[in-house]
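Novice: Protein chains in written order, with the UniProt record's numbering: chain A, 1 to 332; chain B, 1 to 385.
Since the hints were derived computationally from the structure, they do not count as laboratory data. Please note: incorrect hints may appear among the correct ones.
Computed footprint of chain A on chain B; a stretch qualifies when at least three of its residues, placed anywhere within it, have a C-beta under 8 Å from a C-beta of chain A [unchecked claim]: (1) 151-165; (2) 258-269; (3) 282-288; (4) 336-344.
Non-contacting residues of chain A with respect to chain B, defined by C-beta distances greater than 12 Å in every case (computed) [unchecked claim]: (5) D18; (6) R26; (7) G29; (8) E32; (9) G142; (10) G144; (11) W153; (12) T253.
We put the beta carbon where it would ideally sit given N, CA and C, even for glycine.
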Amino acid sequence: MDSLLVRSAEELFSRHADPTAVRAIRAGGSPEVLWGELERAGFPDALVPEDAGGAGLRAAEVLPVLMAAGRFAVPLPLGETMLARAALAAAGEEVPPGAILLGEPLGGGARVPAIGAADWVLLPGDNGALLLPMAKAAEDEGAGSPFGRVLRWPGGAGRRLAVPDLFPAGAWAEVAAMAGAMERILESTVRHAGERQQFGRPVAAFQAVQQQISVMTEDVFAARMAAQLASVPDGDGVAGLNPLRVAAAKLRTGEAAVRVSAIAHAVHGAMGITEELDLHLLTERLRTGRVRFGGEAHWGGWLGRRFLAGDETETLAFVRAHLGPSAPEATA
Amino acid sequence: MIGALPLAAIPPEDEALRPEIRAFLRDAVADIPPERRARSWMGFNPEFSRKLAGRGWLGLTFPREYGGAGRGAFARYVLVEELLAAGAPVSAHWIADRQSGPLIQRFGTEAQRRFYLPRICRAEAFFCIGMSEPNTGSDLASVTTRAVREGDGWRLNGAKIWTTNAQHSHYMIALVRTGGTAADRHKGLSQIIVDLHAPGVRISPIRDLAGDAHFSEVVFEDVFLPLDALIGEEGSGWAQVNAELAFERSGPERVLSSAVLLDEWARWLREASGVGNASEAAEALLGRLLAHLAVLRAMSVAVTGRLMEGESPVVEAALVKDLGTEFEQLIPVVVADILARPGPVPPGPLMRTLAYTAAMAPSFSLRGGTREILRGMIARGMGLR
Ligand SMILES: Cc1cc2nc3c(=O)[nH]c(=O)nc-3n(C[C@H](O)[C@H](O)[C@H](O)COP(=O)(O)OP(=O)(O)OC[C@H]3O[C@@H](n4cnc5c(N)ncnc54)[C@H](O)[C@@H]3O)c2cc1C
Numbered sequence: 001m002d003s004l005l006v007r008s009a010e011e012l013f014s015r016h017a018d019p020t021a022v023r024a025i026r027a028g029g030s031p032e033v034l035w036g037e038l039e040r041a042g043f044p045d046a047l048v049p050e051d052a053g054g055a056g057l058r059a060a061e062v063l064p065v066l067m068a069a070g071r072f073a074v075p076l077p078l079g080e081t082m083l084a085r086a087a088l089a090a091a092g093e094e095v096p097p098g099a100i101l102l103g104e105p106l107g108g109g110a111r112v113p114a115i116g117a118a119d120w121v122l123l124p125g126d127n128g129a130l131l132l133p134m135a136k137a138a139e140d141e142g143a144g145s146p147f148g149r150v151l152r153w154p155g156g157a158g159r160r161l162a163v164p165d166l167f168p169a170g171a172w173a174e175v176a177a178m179a180g181a182m183e184r185i186l187e188s189t190v191r192h193a194g195e196r197q198q199f200g201r202p203v204a205a206f207q208a209v210q211q212q213i214s215v216m217t218e219d220v221f222a223a224r225m226a227a228q229l230a231s232v233p234d235g236d237g238v239a240g241l242n243p244l245r246v247a248a249a250k251l252r253t254g255e256a257a258v259r260v261s262a263i264a265h266a267v268h269g270a271m272g273i274t275e276e277l278d279l280h281l282l283t284e285r286l287r288t289g290r291v292r293f294g295g296e297a298h299w300g301g302w303l304g305r306r307f308l309a310g311d312e313t314e315t316l317a318f319v320r321a322h323l324g325p326s327a328p329e330a331t332a
Numbered sequence: 001m002i003g004a005l006p007l008a009a010i011p012p013e014d015e016a017l018r019p020e021i022r023a024f025l026r027d028a029v030a031d032i033p034p035e036r037r038a039r040s041w042m043g044f045n046p047e048f049s050r051k052l053a054g055r056g057w058l059g060l061t062f063p064r065e066y067g068g069a070g071r072g073a074f075a076r077y078v079l080v081e082e083l084l085a086a087g088a089p090v091s092a093h094w095i096a097d098r099q100s101g102p103l104i105q106r107f108g109t110e111a112q113r114r115f116y117l118p119r120i121c122r123a124e125a126f127f128c129i130g131m132s133e134p135n136t137g138s139d140l141a142s143v144t145t146r147a148v149r150e151g152d153g154w155r156l157n158g159a160k161i162w163t164t165n166a167q168h169s170h171y172m173i174a175l176v177r178t179g180g181t182a183a184d185r186h187k188g189l190s191q192i193i194v195d196l197h198a199p200g201v202r203i204s205p206i207r208d209l210a211g212d213a214h215f216s217e218v219v220f221e222d223v224f225l226p227l228d229a230l231i232g233e234e235g236s237g238w239a240q241v242n243a244e245l246a247f248e249r250s251g252p253e254r255v256l257s258s259a260v261l262l263d264e265w266a267r268w269l270r271e272a273s274g275v276g277n278a279s280e281a282a283e284a285l286l287g288r289l290l291a292h293l294a295v296l297r298a299m300s301v302a303v304t305g306r307l308m309e310g311e312s313p314v315v316e317a318a319l320v321k322d323l324g325t326e327f328e329q330l331i332p333v334v335v336a337d338i339l340a341r342p343g344p345v346p347p348g349p350l351m352r353t354l355a356y357t358a359a360m361a362p363s364f365s366l367r368g369g370t371r372e373i374l375r376g377m378i379a380r381g382m383g384l385r
């Protein structure tokens, strides 16, 4: 992967997505500056084919950028916009300006994240998807929660587009953001454990704390590996995504998210429960990411059924054929 | 902090070994019932080891001049993961092939290499590892078995315990004290090759909770060994032991110990329920286990990639082992739960495989370093201690 790309993303986020900026957007402030910088850097068009004016990158190449966005808890749909634009461009559809959220269909409306801003919602439906303007959405207040807002549009709203189902793609974007958020959570937990003193020693000196952080480290490594596996572009989805890989990764990352959040909060003590500390920006990202575009139960069932209906009768053979660290050999 | 593990793939030339191995295994393990195959790398069968040797599959990574195949760690990875997934009885040659041979190759004299390595490749020399003692478990540096220089050899006294296959092996590589006292800790330890047929060696097998006797207590009473029993440098035992550990801890055997159970259950699910008829709970569980397997395998392959580059990713290997054994231990727990639902009667072989795996599962996170010790290594890698 082009480390230049990651470095420029990291730099951009350090400058324009520091906790103050992130908190301002979360509170309903304008995301214009941050989004403008992202557009100027070309990130939202990273997955758009070159002949349609994009960078023509594939999932594995943009993964580090989306992980960086996760590390900063960026409250904007960068990954989703990348995916939506790529899908629209590939379908020969016009790409609208601005940020696009992938909506989860819910009772005739769309569930979208409770936090963050976007210009459009792309909502899957029969025969493709509807591109709906955020400005025209009505919010179903009663159905909303920190897990997401439920939006509805008047009949006839939006433009019908011939794009494939982006549900697994949305799940992949969450995997990337969660893997990044977990990296940052681990760093800050290690730092806090080294700084906070009790009984005359840093709490990191206690074996019980060390063992917990080791477990957390394992899950962070597993989540990162899951994200890398999910980004091997051997599928026929947008950016080369393969739903089997995404299924495994979303499930594993969701499990990791639960343990990582719990341990991080335990080690941070009461301080971690405060509004002031940034930890909750990241652990909230994990809570919402875990349930968006299918959680463990959904993807577990889906993957289990694929195995049972497939040709490979041994688990290792199935994993090698579909979930290996590289695209399977053409001859295998 | 520990650096990220980049994705690594098994090179095509090593993948190319797979079809032949799979074809061989289809016949070779066909008649072994699953509850025996579940013994995985604890299944002892010298005849099977000789069959593998006949194919050139022992000492795959040893240089050709010593009877090996001169292949890399990824070739062995392919071989081993197929053997373990099939539940082949690989225990007889396992330690020699994985650990003792590479150790001799790395630290041995030319004469030692010429003597031992070809025998290992022919399945004529089986090895065991003598680290643990009655009073030495996790605190390995506290070993008290002692080898004292005497004339043109060593005199060995002490005892080892939990030594897998000691009663079947030709040689033990023992970690012993050759200088100083237990208080000197890592200093004064050496590795020594013990001919287990030498006078003064007494081996008593110990029965395990499943009724097998794979490990033993080994007592040394004035065992006289020649000078060249020493392997590597006198006093370097600790460093040598640790050099083995990355290889020992990150391989497929830390992910696949319950593979036979998982596959038996999945097969029964497919056959008994027919496509589309498995319960939702069973499907979701299967998917969950597949997701874990995929990620663990990718991590294990990635650590092998590091080893191939000549690095010694000891902490990463500890991390893979701890996560991998947790997965191995999860399988019997969740499969037992799902099979406890009312429904069609599961076949006897499946239930016996479950019973064996469930009973032995606690050992998965003891052998090769306990969970707590591994987590301590990770904590050190993270700068916490
Ligand atoms: C099936 C099997 C095969 C084996 N084969 C071999 C073999 O071939 N050769 C060989 O040499 N050994 C072998 N062993 C022994 C194995 O290496 C030991 O079991 C292991 O090192 C742990 O030692 P112990 O059992 O004495 O436990 P102990 O060290 O007594 O540990 C007991 C408990 O205390 C914990 N503990 C100990 N020290 C600490 C600490 N500092 N911090 C926190 N917790 C701690 C441990 O994690 C564990 O939970 C085998 C074991 C098994 C189960």
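Novice: Now tell me if each hint is right for this structure.
Specialist: Verification of the hints:
1. 151-165: violated (count 0)
2. 258-269: holds (count 6)
3. 282-288: It holds: at least three residues are needed, and the stretch 282-288 of chain B offers 7 whose Cβ sits within less than 8 Å of chain A.
4. 336-344: violated (count 0)
5. D18: Non-interface label on A:D18 holds, nearest chain B Cβ at 22 Å vs cutoff 12 Å.
6. R26: Per Cβ check, A:R26 is outside 12 Å of chain B; nearest 28 Å; holds.
7. G29: 33 Å, holds
8. E32: 33 Å, holds
9. G142: Non-interface label on A:G142 holds, nearest chain B Cβ at 29 Å vs cutoff 12 Å.
10. G144: 28 Å, holds
11. W153: 33 Å, holds
12. T253: Nearest chain B Cβ is 9 Å from A:T253, so the label is violated.
When the structure is compared with the earlier hints, violations turn up for hints 1, 4, 12 and for no others.
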